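Student: The lines below spell out each chain.
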Amino acid sequence: MKTVIVRPERCVGCLQCRLACAVEHSQTKELVAALGEAWRPVARIAVYPGGVHLSFPNKCRHCDPAPCQAVCIAGAISRNPARGTTDIDPARCINCGMCAMACPFGVLTYAPTPKAPERRAVALKCDHCPDRQAQGLPPACVEACKVGALSWGEPAQEMAAKGRSLAQAYFAASRGVAESPEPEMIRLWRQLG
Amino acid sequence: MRFVIIGTSAAGLAGAETARRFAPQATITLISDESHLPYSRPLLTYLLGGETTREKLFLRSPEYFRDWGFEALLGTPVTRVDPQAHEVHLADGRAIPYDRLLIASGANPRMPRIPGLELEGVFTLRHLADAERLERHLAKARRVTVVGAGAVGLKAADALSHRGLKVDLLARGAQPLSKVLDPVSARLLMEALQRLGITLHLHSWPTAVVGAGGRVTALALNDGRELPTEAVIFSVGVAPRVEFLAGTELSGPDGIPVNELMGTADPDIFAAGDCVLPRHLITGEPAAFHIWPAAVAQGEVAGANLAGAGRRYDGILPMNSLSLTGCRIITGGHLQPNTPEGEVFEELDAKTGRFKRLVFDQGRLVGATLVGEVRHAGIYFQLIAQKIPVKELPCDPRSPEFHPGRLWARPLPGAA
Chain A
1 MKTVIVRPER CVGCLQCRLA CAVEHSQTKE LVAALGEAWR PVARIAVYPG
51 GVHLSFPNKC RHCDPAPCQA VCIAGAISRN PARGTTDIDP ARCINCGMCA
101 MACPFGVLTY APTPKAPERR AVALKCDHCP DRQAQGLPPA CVEACKVGAL
151 SWGEPAQEMA AKGRSLAQAY FAASRGVAES PEPEMIRLWR QLG
Chain B
194 MRFVIIGTSA AGLAGAETAR RFAPQATITL ISDESHLPYS RPLLTYLLGG
244 ETTREKLFLR SPEYFRDWGF EALLGTPVTR VDPQAHEVHL ADGRAIPYDR
294 LLIASGANPR MPRIPGLELE GVFTLRHLAD AERLERHLAK ARRVTVVGAG
344 AVGLKAADAL SHRGLKVDLL ARGAQPLSKV LDPVSARLLM EALQRLGITL
394 HLHSWPTAVV GAGGRVTALA LNDGRELPTE AVIFSVGVAP RVEFLAGTEL
444 SGPDGIPVNE LMGTADPDIF AAGDCVLPRH LITGEPAAFH IWPAAVAQGE
494 VAGANLAGAG RRYDGILPMN SLSLTGCRII TGGHLQPNTP EGEVFEELDA
544 KTGRFKRLVF DQGRLVGATL VGEVRHAGIY FQLIAQKIPV KELPCDPRSP
594 EFHPGRLWAR PLPGAA
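So the protein sequences, as listed, match chains A and B.
Reading the first sequence from the start, the letters are residues 1 to 193 in the numbering used here.
Reading the second sequence from the start, the letters are residues 194 to 609 in the numbering used here.
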């Protein structure tokens, strides 16, 4: 099941993911039009300053089993087995705050949304952009991220790839071979002569 | 194997579903004295305030029992459990045999011992039938009194004031939620109640319900006043439902004592939810604290152990979330440190009404109260539950810079 893979060590804190997330969760899905909507669009990913020159993109991990789902007294949180997501039904959410109490990552926010117009606020969090996924597109935050801090992939494959590259780097270093091969763009630049 | 589960609320359902996952072939029978499909009790106050609808109370579909392969005996109260014969006796005379039993019978509202409780217009708010009876009465009432300023009482008062009723709220002590709230949070809460137009009476308790023609007309209070009212809702706590265990030595008056497997004194009987007396996560002492999340967690452990999985329950960490109009509070853990070396850290933003209060004891976070901004509550509760010493954290929770980035952007000291 594909998910958003976060590499905090690459995040530069540009906040483009937040902007893209808010726009994707607006009614018009257009930045300029979204600014004028009756319900101000809210981002479901947070970016926190971390260590020196480091930021931390924080979003829902779609845990399984999900602590938020276990504590929801309104039955508003459910698991979508087809998409691998933990979803909140705004029509059932009663804004009680139980999920904020249970989420070990602190990713829930509460705000009014056009999907539950009669309510003051409902719980909001990442939903892996179902509308975009239906069109075969990655979530908006992933598309917006230009530094590779957010990517869309299979966790097992990504872990295997990272393990391979670490192993190669380790063996290369232990054999005294020069470090990893030069990047593609540098190689091409050198070819230009 | 034949599993029988008494109760179809949070703990009972979590128990049944977990047992089914561990034992796909087992016969699982669910017994409830209520004939409705499983519903969410905490939603009743939201139903009262029109924030949800009756159909949304029901947490499972009408086909639920069939889909999960459960046998459901609804509307059948349990009269007696016979551990020797391995049987549960029902009010209609039937005896249901079991190999392993899960008692998730919950709790019933407590009532003060005062005269006048039989009058028309006296209510509690625990079961769906209570809410429906109250709804009929409120059609012709304008002034309502809520007795007890706990979580349910506060939420009920909020709901009633939303309907345009005149609401009086009685608190026994000097503040609402006296067991879990510090004075600053309590003041923020009381200001919110005032904005809602709810009249809060502190140090006030009813000595009698006064009526005329069989209907409630007023409450006589401990200070001699008589408070006119057309309906009274008592929300003064709950007592475990364990009458049917009389003579079995499985339960005391405060609930059913359980071990870390949610097992009782009888090796084939497990218990979970509001009827049990679990251990406190921090102190290890038996502590009754009736919250939905704990009932679900206990139900899952007990259900797995019905099937012999041997899962352990860490203990209950008291916590709750209260969301009134214009005021949101999450509290959890200890209100005060247990030892003199403990300290309390408070940070109030008077402009926004946001408040953070953290309780430290022996170098660990043991309690947290958040008012206004509650987003990171779960992070504090994880720190409490995992008992991580503050000095091992990458960032001190007392620092204004404390947030998820500080906690996770660098590896924990000592981590490989």
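Calculated from the structure, these hints are not laboratory results.
In this text the structure is predicted, and so the values were computed from the model without any measurement.
Check before you lean on any hint, since a few could be wrong.
Looking from chain B toward chain A, a few residues come up when the C-beta cut is under 8 Å (computed) [what the hints assert, rightly or not]:
#1 245
#2 248
#3 482
#4 485
#5 523
#6 569
Negatives, chain B to chain A, calculated, CB over 12 Å [stated by the list, open to error]:
#7 268
#8 301
#9 311
#10 325
#11 328
#12 329
#13 377
#14 470
#15 571
#16 575
Note that CB positions come from ideal geometry on N, CA and C, so glycine has one too.
Student: Please verify that the nearest CB of chain A lies beyond 12 Å from residue 325 of chain B's CB.
Tutor: Consistent with the label, residue 325 of chain B stays out of reach of chain A, its closest Cβ about 19 Å off (over 12 Å).
Student: With 12 Å as the threshold, tell me whether residue 268 of chain B passes as away from chain A on beta-carbon distances.
Tutor: Holds, because the least Cβ-Cβ distance between residue 268 of chain B and chain A comes to about 22 Å, which exceeds 12 Å.
Student: Does residue 482 of chain B hold up as a contact with chain A if the rule is Cβ-Cβ below 8 Å?
Tutor: Nearest chain A Cβ about 14 Å off; hint violated.
Student: Minimum Cβ distance from residue 248 of chain B to chain A below 8 Å?
Tutor: It is violated, given that the least Cβ distance between residue 248 of chain B and chain A is near 10 Å, above 8 Å.
Student: Would residue 311 of chain B pass as off the interface with chain A, using Cβ distances and a cut of 12 Å?
Tutor: holds (32 Å)
Student: The output says residue 470 of chain B does not contact chain A. Does that hold with a beta carbon cutoff of 12 Å?
Tutor: holds (21 Å)
Student: Was the hint right that residue 569 of chain B lines chain A, CB cutoff 8 Å?
Tutor: holds (4 Å)
Student: Taking the shortest Cβ-to-Cβ distance between residue 301 of chain B and chain A, state whether it exceeds 12 Å.
Tutor: With a cut-off of 12 Å, residue 301 of chain B remains clear of chain A, as the shortest Cβ separation is near 19 Å.
Student: Would residue 575 of chain B pass as off the interface with chain A, using Cβ distances and a cut of 12 Å?
Tutor: The assertion about residue 575 of chain B is violated, with a minimum of 4 Å to chain A.
Student: Beyond 12 Å on every Cβ pair: is that true for residue 377 of chain B relative to chain A?
Tutor: With a cut-off of 12 Å, residue 377 of chain B remains clear of chain A, as the shortest Cβ separation is near 19 Å.
Student: Was residue 329 of chain B rightly flagged as not at the interface, with every chain A Cβ beyond 12 Å?
Tutor: holds (23 Å)
Student: Under 8 Å is the threshold here; is the Cβ of residue 523 of chain B close enough to any Cβ of chain A for the hint to stand?
Tutor: holds (5 Å)
In summary, the numbered hints that this structure violates are 2, 3, 15, 16.
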